[in-house]
Amino acid sequence: MKLKKILFAAVSAGAMLLAAPSFAATELSVQRFFGACDADFGTNTDATKAVGECGIITSLINKFNADNPDVHVNVTTVEWPGYDQLTAQFASGDAPDIVTIHESVLSDYQSKGLLMPLDDLLKSVGVTPDAFTDAARNGATKDGKIYGLPTDSWTMLYHVNMDLFKQAGLVNADGTPIFPKSPEELLAQAEQFKQKTGKPYFVQNLANETALYTRNLYTYLFQQDSDFFADPKHVKLNTPEARKVVEMYKAIFEKGYTTKDLDYGGSINAFLAGEGGVHLNGTWVVGDYNAQSETKGTALNKGGYAVYPYPQLFGGAHAQYADGHTWAVSQKDRTPEQIAAIGRFLKFFADNDFEWSRTGHLPAYKAVITSDAFKALPHRNTISAVADLGKPLPSAVQRQFAIQDIIGEEMSAAISGQKDVDTALADMESRVNELLANI
Amino acid sequence: MVDRLATSPTATLAVGVRAPTADIYAPQWRNFIFVAPFLFFFTTLLLFPLLWGMWLSFHKADTFSSGNFVGLGNYARLYHDKVFLQSIWNTFYFALLTVPTLALIGLFLALCLNRRTRTAAVLRTLFFSSSVLSVTIVTLIWRIVFIPNVGLLSTIYGWFGATAPAFISDPSLAMIGIAIATIWWCIGLPMMLFLSALQQIPQDIYEAAALDNANRWQTLRSITLPSIKRTFILVIIIQIVLQFQLFGQAWLMTRGGPNNLTKPIVLYIYDTAFRRWDLGLGAAASEILFILILVAAMAQYLVTRSRGDQA
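Protein sequence lines correspond, in order, to chains Y and E. Going by the numbering used here, the first sequence opens with residue 1, and the numbers climb by one from there. Going by the numbering used here, the second sequence opens with residue 1, and the numbers climb by one from there.
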């Protein structure tokens, strides 16, 4: 009897040992930007308690790992936007399984066959493209296929310090801020603001910056119906429309209506310290700024915080530049278990898009953007309009981040007076076209 | 004596017949084994990439394909590229700002600290300590100094009600800001080289000068400086080669801005090859940098050789 028991125990132990490998968790490598915040959210699995992009995405991935013990997600956090590193990883055959990629950048990697089309995988987990908002679906679709799971649509916004706007007399009777309707009105209101408050109208991160300049230019070119990328291989920027925009920002710079020497972090600090009226920043800070405005003693708590799309300054289409974030999947040989795990990860993020939309980004799913829960979030009544206003560059335009750098460099030179406007526009156009001609 | 004279030719002959001595300097294939490990790494990690880079510079290539042969097309594009020409000027301007300053401050510090006191030893360590920091830490420290509104410089200027110069974003100051950070970072090596040169000057020359009533300035001009002339040239050449490879400080402090005014050649190469995927153009720019550094290295070789001949 005793011998029988020992034999049974030995066989059981052996069976468990043999079976152990089949219980090993499937490893997924995930690479993302949005910053690192492990000190605050490293172990948090309740996304509802997290704030900001970093807090929410960290908590969501923690939750996914907790809910799926048979899958383990290893996260690599890269400095925004991380494409230099990703390109090197692809070139060396060491790309992560899942990676954050802007919709505007998807075509760079997709055109080289480096990304996996996701239509079938998403269908297998019950996510269909008709659930996406139009902006998200268009942004994630390349050559008729979905190459990234859209998580949001984002754009630049007017973040307003209402206390200073009240001091400047730029508030309507209903308490909403008064915004300009033309470049001339913008300059007049900025002057009024400066006279009344002694502070600049704009808080901008102009120090060694490129993205902000470029997004501003795109927005106001769209508002003038300028079809500057009619040919995705050839840009037209040496135009009267572009000149109007650059000259407007040059006047803002020269007349002291903006902060000048701040980098991105410095501009956030300056706005939160009440050093200017309007901060030009993206959807991603709405959650953080709103939290600040609810904290007593802060500059935003004094008179309130409001956030709006860019005002319509020109007579053309009601539009502003927009982009979106996606989860893309690298093209490589995988086991059915790995593919299934990726499907579950993507499905998890599709299901939790509301939590992600608390960052301030607009949801990528119709069901979320029309939900009462989303509408009840602070300031969504003013910024939801971006879902219709948002307009990306044509998806066939490649190297959009490199183009952004060139345009930003030349705009910066023109606005700060290093170059005259005509030379900067001519250089901008020829440099972008030289880049596109050599792809 | 006679016996010895008679026997010695026989002995010599016997030795010659018995064992022909092996020529230890004769080429032997097995000696190759000793250098094989070095040659393997030299070839795979240095020679092959060098030749591959040259080959790439004649091709229109991106990160994921080697593309088509374009001859000197990439070099022609560089010739017409205002940003590349600007980056060459930036690199020379940066070397002009840093190299003489590093040599002069290094020499000054070495002259001040070339004494056997405890204070001098502590100060030597202190001035050298910045050299052990990584470029990331150095740029972080200097960003904290230069950053507008809340930086150290702004705070100090604020005490006097003044506005601090914008060393990170002002077109005329940005390169100077990077040069200041670099000089602070790199001052240790020139100082140490000068110190070691100063300590090799024979003391008796100074004693002779003292007997001749030479003052400090005369001693410095006629004894110290001529004695360390070769070290001075060495410091200049080493620093030219080092500062021509500026990358980290410019990337982390200004990203090459404003409007490419602080973009050195290495940053141009990085930007072109890895951010715009224009690998052929980036490789061509690397070859230009290679030639520039080669000229500097050859200058070092020629200068040191001619000095050696005279000696």
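FYI, nobody ran anything at the bench for these hints, they're computed from the structure. A couple of the hints might just be wrong.
Claimed, not checked - Listing some non-contacts, in silico: residues in chain E with all C-beta distances to chain Y over 12 Å:
id: 1; residue: Trp159
id: 2; residue: Leu220
id: 3; residue: Gly257
id: 4; residue: Leu281
Said to hold, decoys possible - EDC-like, lysine to aspartate or glutamate: derived pairs with alpha carbons at most 20 Å apart:
id: 5; chain 1: Y; residue 1: Lys255; chain 2: E; residue 2: Asp62
id: 6; chain 1: E; residue 1: Lys60; chain 2: Y; residue 2: Glu434
id: 7; chain 1: E; residue 1: Lys82; chain 2: Y; residue 2: Glu247
id: 8; chain 1: Y; residue 1: Lys181; chain 2: Y; residue 2: Glu247
id: 9; chain 1: Y; residue 1: Lys419; chain 2: E; residue 2: Asp204
id: 10; chain 1: Y; residue 1: Lys250; chain 2: E; residue 2: Asp81
id: 11; chain 1: Y; residue 1: Lys236; chain 2: Y; residue 2: Glu27
id: 12; chain 1: Y; residue 1: Lys260; chain 2: E; residue 2: Asp81
Claimed, not checked - Simulated coverage check for chain Y against chain E, where a stretch passes if three residues somewhere in it have a Cβ under 8 Å from a Cβ of chain E:
id: 13; region: 78-91
id: 14; region: 98-107
id: 15; region: 204-211
id: 16; region: 261-267
id: 17; region: 398-404
id: 18; region: 416-425
Backbone N, C-alpha and C fix where the C-beta goes; we use that ideal spot for every residue, glycine too.
Do the hints match the structure? See the list:
no.: 1; hint: Trp159; in the structure: holds, 19 Å
no.: 2; hint: Leu220; in the structure: holds, 43 Å
no.: 3; hint: Gly257; in the structure: violated, 4 Å
no.: 4; hint: Leu281; in the structure: violated, 7 Å
no.: 5; hint: Y:Lys255 with E:Asp62; in the structure: violated, 44 Å
no.: 6; hint: E:Lys60 with Y:Glu434; in the structure: holds, 13 Å
no.: 7; hint: E:Lys82 with Y:Glu247; in the structure: violated, 23 Å
no.: 8; hint: Y:Lys181 with Y:Glu247; in the structure: holds, 17 Å
no.: 9; hint: Y:Lys419 with E:Asp204; in the structure: violated, 61 Å
no.: 10; hint: Y:Lys250 with E:Asp81; in the structure: violated, 26 Å
no.: 11; hint: Y:Lys236 with Y:Glu27; in the structure: violated, 47 Å
no.: 12; hint: Y:Lys260 with E:Asp81; in the structure: violated, 29 Å
no.: 13; hint: 78-91; in the structure: holds (count 6)
no.: 14; hint: 98-107; in the structure: violated (count 0)
no.: 15; hint: 204-211; in the structure: holds (count 5)
no.: 16; hint: 261-267; in the structure: holds (count 4)
no.: 17; hint: 398-404; in the structure: holds (count 3)
no.: 18; hint: 416-425; in the structure: holds (count 3)
The structure fails hints 3, 4, 5, 7, 9, 10, 11, 12 and 14 (numbered hints given earlier, in ascending order).
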